[in-house]
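Undergrad: Below are the chains, spelled out letter by letter.
Number of protein chains: 2
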Amino acid sequence: MDPAVTPLSSTDRTRLRRLRDQGRTDRAALVAVLRAGFVCHLGVVVDGTPMVVPTVYGFDSSFLYFHGSVASRSLAGGRTACVTVTHVDGLVLARSVFEHGVNYRSAMVYGLPRVLSGAAKLEGLRVLTEHAAPGQWDYARRPSRKELAATAIFALPLDEASVKVAEGPPTDGDGPDASLGLWAGVVPLGVVRRPPVPDPALPPGLPVPAHITALAEEA
Amino acid sequence: MDPAVTPLSSTDRTRLRRLRDQGRTDRAALVAVLRAGFVCHLGVVVDGTPMVVPTVYGFDSSFLYFHGSVASRSLAGGRTACVTVTHVDGLVLARSVFEHGVNYRSAMVYGLPRVLSGAAKLEGLRVLTEHAAPGQWDYARRPSRKELAATAIFALPLDEASVKVAEGPPTDGDGPDASLGLWAGVVPLGVVRRPPVPDPALPPGLPVPAHITALAEEA
Numbered sequence: 001m002d003p004a005v006t007p008l009s010s011t012d013r014t015r016l017r018r019l020r021d022q023g024r025t026d027r028a029a030l031v032a033v034l035r036a037g038f039v040c041h042l043g044v045v046v047d048g049t050p051m052v053v054p055t056v057y058g059f060d061s062s063f064l065y066f067h068g069s070v071a072s073r074s075l076a077g078g079r080t081a082c083v084t085v086t087h088v089d090g091l092v093l094a095r096s097v098f099e100h101g102v103n104y105r106s107a108m109v110y111g112l113p114r115v116l117s118g119a120a121k122l123e124g125l126r127v128l129t130e131h132a133a134p135g136q137w138d139y140a141r142r143p144s145r146k147e148l149a150a151t152a153i154f155a156l157p158l159d160e161a162s163v164k165v166a167e168g169p170p171t172d173g174d175g176p177d178a179s180l181g182l183w184a185g186v187v188p189l190g191v192v193r194r195p196p197v198p199d200p201a202l203p204p205g206l207p208v209p210a211h212i213t214a215l216a217e218e219a
Numbered sequence: 001m002d003p004a005v006t007p008l009s010s011t012d013r014t015r016l017r018r019l020r021d022q023g024r025t026d027r028a029a030l031v032a033v034l035r036a037g038f039v040c041h042l043g044v045v046v047d048g049t050p051m052v053v054p055t056v057y058g059f060d061s062s063f064l065y066f067h068g069s070v071a072s073r074s075l076a077g078g079r080t081a082c083v084t085v086t087h088v089d090g091l092v093l094a095r096s097v098f099e100h101g102v103n104y105r106s107a108m109v110y111g112l113p114r115v116l117s118g119a120a121k122l123e124g125l126r127v128l129t130e131h132a133a134p135g136q137w138d139y140a141r142r143p144s145r146k147e148l149a150a151t152a153i154f155a156l157p158l159d160e161a162s163v164k165v166a167e168g169p170p171t172d173g174d175g176p177d178a179s180l181g182l183w184a185g186v187v188p189l190g191v192v193r194r195p196p197v198p199d200p201a202l203p204p205g206l207p208v209p210a211h212i213t214a215l216a217e218e219a
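Quick note, the sequences are listed as chains V and Z, same order. The opening residue of the first sequence carries number 1 in this note's numbering; numbering runs sequentially from there. The opening residue of the second sequence carries number 1 in this note's numbering; numbering runs sequentially from there.
Be aware that a few hints might be false.
Given that identical chains are not distinguished, each listed pair holds provided it fits within a single copy or across any two copies.
Claimed, not checked - With a straight-line cut-off of 20 Å between C-alpha atoms, the simulated SDA-like cross-links for lysine to any residue are:
1. K146 <-> E218
2. K146 <-> P176
3. K146 <-> G190
4. K146 <-> V31
5. K121 <-> G68
6. K146 <-> G175
7. K121 <-> D47
8. K121 <-> K146
9. K146 <-> F98
10. K121 <-> R142
11. K121 <-> R24
12. K146 <-> A178
13. K121 <-> G101
14. K146 <-> G101
15. K146 <-> T171
Treat the hints as calculated values from the structure; they're not laboratory data.
Hey, can you work out the whole structure from these sequences and the hints?
TA: Written as structure tokens, this is what we have:
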């Protein structure tokens, strides 16, 4: 099944309700949003109240993998999670306060995360590591049995998801407010990566490996 | 009460459980994290499952204000929300996969959001607008009665919060892995703002106001 053409599911909780936010219904849009970041916000319910924690993720064609960290306890019982990945692309300055907004790309994935073990856990950690830091799985020392046991990796199916994208200029350019003579437009925002900073504990003269230079130059 | 010295509360859900993530317990740390962004992730519980949506926020010494949007329905009954603000500052590349991590600053605020009305709603919207786009409240056309009625603004008390900061180089520089001879360090990440892009619908020659040039130059 080609992940680029699989439509996303539309359930009551992933159906879109607002106007300017444009919903995307193809899997390619989901993959594009997931590819552009490596920190998600994981939402779980703990004792009836919501908890939202940032955590590192990776993904393949079927699952989103994330580090369990503080949320592990809450997910152990097989409870639904919501993982949201958001990229803030711009501040939309309109002629009226009401039409102000944010340009962004966001993906929400709902599902039952499954805690991984054995070979699946190692593979999940590999996918996550290679997504966040391409090349490091082969370069750095891989986890020992003990380290792996101290790590919680979850797999969340990429079956129930929604993607929203808001882009472009403010929408009040052809309304009555256009005659106010006010400036309107967008202040673009973006994430930049800067040159690698060596650990002060490194011996002098150790060159930066090519794959690290490359990942520091990613958009 | 000086917000810079008020300790943050420590409840069971805001107490910190992990080691490398350094908890901060002063209100100045909370204010610093909130000041550095304008998009939060709002977590609510809908029909027993978590929902995490990005939304715009602002804050003053007592409350965090956010746009209700899709979450409004779920909060109407006076339910607890969790608002998380995260800044990703760097990718930490250690000698071992296990010690890899992310440098970040994150704040979590728990509480019962109150939907605002009347003068408090207008003030909440002003604080939110001025936080995200300083100067626009006085420059753009303010909301009409009808527009204000179509906007949902919530106030979340800044009483129960936790702040976590992870920074600096990887921590395996003085362990046995240091002898592997591998490069280790940090790839710094940051958000940049780019020069304002005028709405194509603007009449030619309209200069960019100074406050917009200034907000586009913010770090």
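Undergrad: Each hint needs a verdict: does it hold in this structure or not?
TA: Structure-based check of all given hints:
1. K146 <-> E218: neither (33 Å within a copy, 45 Å between copies)
2. K146 <-> P176: between (66 Å within a copy, 15 Å between copies)
3. K146 <-> G190: neither (39 Å within a copy, 34 Å between copies)
4. K146 <-> V31: neither (33 Å within a copy, 39 Å between copies)
5. K121 <-> G68: Cα proximity of K121 and G68: one copy only (12 Å, versus 38 Å across).
6. K146 <-> G175: Only across copies: K146 and G175 sit 16 Å apart there, 63 Å inside one copy, limit 20 Å.
7. K121 <-> D47: Classified as neither: same-chain Cα gap 27 Å, cross-chain 31 Å, threshold 20 Å.
8. K121 <-> K146: within (13 Å within a copy, 54 Å between copies)
9. K146 <-> F98: between (55 Å within a copy, 10 Å between copies)
10. K121 <-> R142: within (13 Å within a copy, 53 Å between copies)
11. K121 <-> R24: Neither way: K121 and R24 sit 31 Å apart in one copy and 32 Å across, limit 20 Å.
12. K146 <-> A178: between (64 Å within a copy, 19 Å between copies)
13. K121 <-> G101: The answer is between: 18 Å across copies meets 20 Å, while 40 Å in one copy does not.
14. K146 <-> G101: between (48 Å within a copy, 18 Å between copies)
15. K146 <-> T171: between (56 Å within a copy, 18 Å between copies)
The structure fails hints 1, 3, 4, 7, 11 (numbered hints given earlier, in ascending order).
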